[in-house]
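In order, the protein sequence lines correspond to chains A and B. Position 34 of the first sequence, counting from 1, maps to 34 under my numbering, and the rest follow consecutively. Offset between the second sequence (1-based) and my numbering: plus 140.
The list that follows gives simulated cross-link-like pairs (lysine-lysine, DSSO-like), each with its CA atoms no further than 30 Å apart:
#1 B:Lys148 with A:Lys8
#2 B:Lys176 with B:Lys148
#3 B:Lys176 with A:Lys8
#4 B:Lys148 with A:Lys36
Think of the hints as simulated: they come from the structure by calculation, not from any bench.
Protein chains: 2
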Amino acid sequence: MERVPVLKIGDILLVSIQIDMEDQTALQLQEDLAEKIVATGCHGVIIDISALDIVDSFVGRTLATIAAVSRVLDAETVVVGMRPAVAITPVELGLSLPGIRTALNVDLGIEMLAFSRDGAWAEDAEDDENEADPAAVPTP
Amino acid sequence: MERVPVLKIGDILLVSIQIDMEDQTALQLQEDLAEKIVATGCHGVIIDISALDIVDSFVGRTLATIAAVSRVLDAETVVVGMRPAVAITPVELGLSLPGIRTALNVDLGIEMLAFSRDGAWAEDAEDDENEADPAAVPTP
Numbered sequence: 001m002e003r004v005p006v007l008k009i010g011d012i013l014l015v016s017i018q019i020d021m022e023d024q025t026a027l028q029l030q031e032d033l034a035e036k037i038v039a040t041g042c043h044g045v046i047i048d049i050s051a052l053d054i055v056d057s058f059v060g061r062t063l064a065t066i067a068a069v070s071r072v073l074d075a076e077t078v079v080v081g082m083r084p085a086v087a088i089t090p091v092e093l094g095l096s097l098p099g100i101r102t103a104l105n106v107d108l109g110i111e112m113l114a115f116s117r118d119g120a121w122a123e124d125a126e127d128d129e130n131e132a133d134p135a136a137v138p139t140p
Numbered sequence: 141m142e143r144v145p146v147l148k149i150g151d152i153l154l155v156s157i158q159i160d161m162e163d164q165t166a167l168q169l170q171e172d173l174a175e176k177i178v179a180t181g182c183h184g185v186i187i188d189i190s191a192l193d194i195v196d197s198f199v200g201r202t203l204a205t206i207a208a209v210s211r212v213l214d215a216e217t218v219v220v221g222m223r224p225a226v227a228i229t230p231v232e233l234g235l236s237l238p239g240i241r242t243a244l245n246v247d248l249g250i251e252m253l254a255f256s257r258d259g260a261w262a263e264d265a266e267d268d269e270n271e272a273d274p275a276a277v278p279t280p
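So here's chain A without its partners, still in its complex pose (with noise of 0.2 Å):
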């Protein structure tokens, strides 16, 4: 069986799928990853799918089912570098992603996922960087 390894970067955790996703693979994938993120403590993970021909409905539930997966262990999910072609078909298929954030790239997703995990952490701590808007309205 091929199994799409789990790379961790700083503290994000990065999958690149390559191959065709079946069942036991994509088991395999929501296991690993979640093993992944309890033994690191990563908050992010980014999915690329750049090298997918097709997101087809198995493969927009997989997606949904890692990312609210990671989302009960604390982590955010980010699926990047889907191609234009493959963009439609989700769409087509009447699929939502529900759960799932998308971005062009992975240093875009990268940057969405500090941006977040910052504003996550301004609410519930006082230590604000430089960076910190002292102006952001926190959601009530």
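Let chain A serve as the given structure and place chain B on it in line with the hints.
Using the frame of chain A, we list chain B on its own:
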């Protein structure tokens, strides 16, 4: 033909090899990587082979070629994630993996690249920052 995606993360390029290397795939990867080095001005390339079950002479030669091409384009290559069992094969085959530096994982590979780049910078530039911004690619 399957294609291995080249991901840009800060000022390094990351390649996660998960599929069996065939002639066309390897050539395409070399080409994609060379183009991306030139397009982004990245100085570091990390190749993750944690998904590979074996490093035979073809894979070894491919990695060596990628490292050589990258060096010509002023980028250093580090191969990361080699599994313990996998490491035995190239030694037994007598492959010396010329010009290839290795690290245990992506984080250590990034450190290795940063360290050798800082060393190179210190020689020809005086402006040392406390924290080199990995996202900033100085265009000459």
